[in-house]
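S.K.: As given, the protein sequences belong to chains V and Z, one line each in that order. Going by full-length UniProt numbering, the first sequence opens with residue 1, and the numbers climb by one from there. Going by full-length UniProt numbering, the second sequence opens with residue 1, and the numbers climb by one from there.
Simulated from the structure, these hints should not be mistaken for laboratory data. Where hints are given, some of them may not hold.
DMTMM-like cross-link-like pairs, simulated, lysine to aspartate or glutamate; straight-line CA separation at most 25 Å [unchecked claim]:
1. Lys91/Z - Glu367/V
2. Lys114/Z - Asp78/V
3. Lys430/V - Asp379/V
4. Lys188/V - Asp227/V
5. Lys212/V - Glu89/Z
6. Lys117/Z - Asp172/V
7. Lys430/V - Asp330/V
8. Lys91/Z - Asp78/V
9. Lys114/Z - Glu58/V
10. Lys117/Z - Asp567/V
11. Lys76/V - Asp34/Z
12. Lys506/V - Asp394/V
13. Lys117/Z - Asp179/V
14. Lys76/V - Glu89/Z
15. Lys70/Z - Asp196/V
16. Lys91/Z - Asp286/V
17. Lys91/Z - Glu320/V
18. Lys114/Z - Glu173/V
19. Lys117/Z - Asp176/V
20. Lys91/Z - Asp394/V
21. Lys91/Z - Glu398/V
22. Lys621/V - Asp286/V
23. Lys375/V - Glu439/V
24. Lys114/Z - Asp216/V
25. Lys492/V - Glu657/V
26. Lys117/Z - Asp219/V
27. Lys506/V - Glu367/V
28. Lys114/Z - Glu33/V
29. Lys91/Z - Glu231/V
30. Lys4/Z - Glu58/V
31. Lys117/Z - Asp394/V
32. Lys117/Z - Asp226/V
Computed footprint of chain Z on chain V; a stretch qualifies when at least three of its residues, placed anywhere within it, have a C-beta under 8 Å from a C-beta of chain Z [said to hold, decoys possible]:
33. 44 to 50
34. 221 to 232
35. 409 to 418
Distance ranges between label pairs, derived from CB positions [stated by the list, open to error]:
36. Ala184/V - Thr75/Z: 15 to 25 Å
37. Gln93/Z - Glu231/V: 39 to 49 Å
38. Asp34/V - Ser23/Z: 35 to 45 Å
Beta carbons are placed, not taken as given, at the ideal position from N, Cα and C, and that holds for glycine.
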Amino acid sequence: MNNPDPISVFRTEAAELLEQIESGLLDLTRSLEDRDQIDAVFRGLHTLKGSGAMFGFEALAAFTHHCETAFDRVRKGDVPATHELVSAVLSAQDHMRALLETPNGDHDAMSAALLDNLHRAVNGAGSPTPITTVIATNPVVEKAGGLREWRIRFSLPANAMANGTNPLGLLDEMRDLGDCRIIADTTKVPELATLDPRGIHLAWDVTLKTEKPRSDIEDVFIFVMDDMALEIMEVAVDPPATALVDMPVAKAVVVTEREAPAVQAANDSKQAKSAENVRVPAERLDEMMDRVGELVIAQSRLTQLAGTAADLGLRSVSEEIERLSGELRDTMMVLRMMPVASLFSRFRRLVHDLSRETGKEIELITEGESTEVDKTVIDRLADPLVHLVRNSIDHGLEQPEERLAAGKEAKGKVILSAHQTGGEVIITIKDDGRGINRERVRAKAEASGIIQPGATLTDQDLLQLIFQPGFSTAQTVTNLSGRGVGMDVVKKTVEALRGTIDITSKPGEGSTVALRIPLTLAIIEGLLVRVGQGCYVIPLSAVEECLELSLEDDLRSRGRSFISLRDSLVPFLRLRELFRTGTQPDPHQKVVVISTGSERVGLVVDQIIGDHQTVIKSMSKLHHDVVTFSGATILGDGSVALILDVTHLVAAGQQQEAQLRAAG
Amino acid sequence: MSAKILTVDDSASIRLTTRVTLSNAGYAVTEAVDGLDGLNKLKAGEYDLVVTDLNMPNMDGLTMIRELRKLPAHTGVPVIFLTTESDGEIKAQAKAAGATGWLTKPFDPESLVKIAKKVLGK
């Protein structure tokens, strides 16, 4: 960069300033009270002093300083502008030229005489004020000695940000000094309604480990030091643990408390590796689950109350409790989880026995044994699974010679597998046997009066018939199955667990029965909807999507009750009509599409309120024949919402579709 | 993008020194010759930092700082003033006017850059 030499620029500038000062002084000799000229002379002297010091003209700067001081007093009205003073400064100004031209010359005697003259002019013929030279006093530099720990507590004036101070910059500067732990103290933050977003309402507690001296820490705050609250204390490094406990902020103490048990627990776990498992009676877990359920309800009421209150403190406590109860619930769920291995293991013996009894060669393959399921699910699924496995072996698998004739291995396979998808666990029982004979199922169902002769049924509906009470296709009743009790019990049990059963079967290749069971039983994520005046919960795991039922769709579909969803027709049920609410529909009705495996149905509701965590309460014995609802739950405001039974509603929707189809 | 700094000083030599120092440190520097000129430039553009002298003809630094704090675009912009006064009185006045910090003249180039970095943050 081709910049001119600053010193020559200064010389030119100083010459101009001196001319300006001179002409000002000359004007003043004519009218002593001319404020503008007094100001102009003062400014000239001031600039000359400041710039002179910048560019190495120390003697000029020091000398000019005294003239400036004198004129400052005139400017402020401390002393009157007199002819003596003006002429003293005029002669001083000539000397300044000399100081400018030969800065290294010997001017001391002249300077002293002129200043003496000046002081007499200012103070009268009295005692001259002692000549003081401005020397910047360097702060005493502390010796940097090793790593020291400081505790710094500070708060800034509320308007600091408006005046250009960046609090984050201050924190960054402290981080640059060394290892820094910063905690913001939010206790002074006003309520949102009264909060001035431009102000600073925080205070900070900083623990800083640095080798730098105290003055470096003070330098961080140099511009705000006079207006702020700042405490800098050195902490004895020896017992580092006390540093945090002593922190004068409640938050810091909380942090310590939280960390301490964690450390403790870590130590304990090291010492007590052998005692990792504790056996607890199952009912205690159930009791605890109940308590957690109650807590979740109470918490959601609290959240609702806090949401409407302006009390910030209450809100933050409520958020904390929401988080804690969520964690507690998750922990509780995990406590109740058991790997399905414990369920699958019992089938080895069963298969072995069955193999000997039936003379069939069977290989049992289990997959996904580490999948974890709620303990209750394991307990309740044991019998249905035994039944399904027996069924596969008894009805599905062929005798070895029959298999060989069909081109299969002599040894039949039964595969038991479990895997988790989202909030569900899917347990499948698959065999490579002969598959389900549809004709025989139909014949049997017609014979036992389950369906009308010649009724139109989808393949899935036909297969589902085997779960009807009193249905059995076994031509000979064996010891194992085919007693006509069982499959309907299997279905009931699975549905009681809020699960569903799907069957797929290919003639000659085998059948697969898939049980989809929700992971947890006591608490579900639900979608809260409103129909008429009442609130209802739809298990979120069953919800596929929500859409608006446009008026046109509504009118067009009347009587048929189908919506077109991406090229497929989905039947829907108007819950308002189903529940006979007797209210007018909302103008913008919504459709919640729910599904159980392959079947879908839309539920028309008035309003979708949102996500709701639901603790399921079973309904009383008086209501055991109510099929539309699987339970009830208590909402945040204490009112009751019924939980929709998805399986039943899907079935009802499909049935309606079938009827409409039959009617043409 | 380099931070934009406005320097306001009636002394050509100080302006030259601050400009050279700050541009060498990588900042984009605009100069103004007094408070009035400075205020007009502040009204016309946006700056990340203002470095200003206090004693200036036409409009002094204190008045300029007060006026600039009334400009919505410049509330919160750091303002560093240059001062030769070592007493606290002028500092208190400047801070009341809305200044962020100060630099005492005479200053060396490093301390100017250091202070610019300090108030601009990282």
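S.K.: Under the criterion that the straight-line Cα-Cα distance not exceed 25 Å, is the pair Lys375/V, Glu439/V satisfied?
M.R.: Distance ~39 Å between Lys375/V and Glu439/V Cα, so the pair is violated.
S.K.: Lys117/Z and Asp567/V: Cα distance at most 25 Å?
M.R.: Answer violated: Lys117/Z to Asp567/V is near 63 Å, above 25 Å.
S.K.: Keeping to a limit of 25 Å between CA atoms, is the pair of Lys117/Z and Asp172/V held or broken?
M.R.: 11 Å, holds
S.K.: Check the hint pairing Lys91/Z with Glu398/V against an upper bound of 25 Å on the C-alpha distance.
M.R.: Not OK: Lys91/Z and Glu398/V at ~100 Å, beyond 25 Å, violated.
S.K.: Has the given pair, Lys117/Z with Asp219/V, been kept, meaning a C-alpha gap of at most 25 Å?
M.R.: At roughly 13 Å apart (the allowed maximum being 25 Å), Asp219/V and Lys117/Z satisfy the hint.
S.K.: Would you mind confirming whether the straight-line C-alpha gap from Lys117/Z to Asp176/V stays at or under 25 Å?
M.R.: Holds. Lys117/Z to Asp176/V sits at ~13 Å (cutoff 25 Å).
S.K.: Taking only the CA atoms, is the gap from Lys91/Z to Asp286/V under or equal to 25 Å?
M.R.: 70 Å, violated
S.K.: Is the Cα-Cα distance between Lys506/V and Asp394/V 25 Å or less?
M.R.: 17 Å, holds
S.K.: Holds or violated: Lys506/V with Glu367/V, Cα cutoff 25 Å?
M.R.: Between Lys506/V and Glu367/V the Cα gap is close to 22 Å, so the pair holds against 25 Å.
S.K.: Please verify whether Lys430/V and Asp330/V have alpha carbons no more than 25 Å apart.
M.R.: With Cα atoms ~32 Å apart, Lys430/V and Asp330/V exceed 25 Å; violated.
S.K.: Given the hint that Lys91/Z pairs with Glu320/V, test it: the Cα-Cα distance must not exceed 25 Å.
M.R.: 46 Å, violated
S.K.: Just to be sure I understand the hint, the distance between the Cβ atoms of Asp34/V and Ser23/Z should be within 35 to 45 Å; is that true here?
M.R.: 40 Å, holds
Violation of the numbered hints given earlier is confined to hints 1, 2, 5, 7, 10, 16, 17, 20, 21, 23, 28, 30, 31, 35 and 37; the remaining hints are satisfied by the structure.
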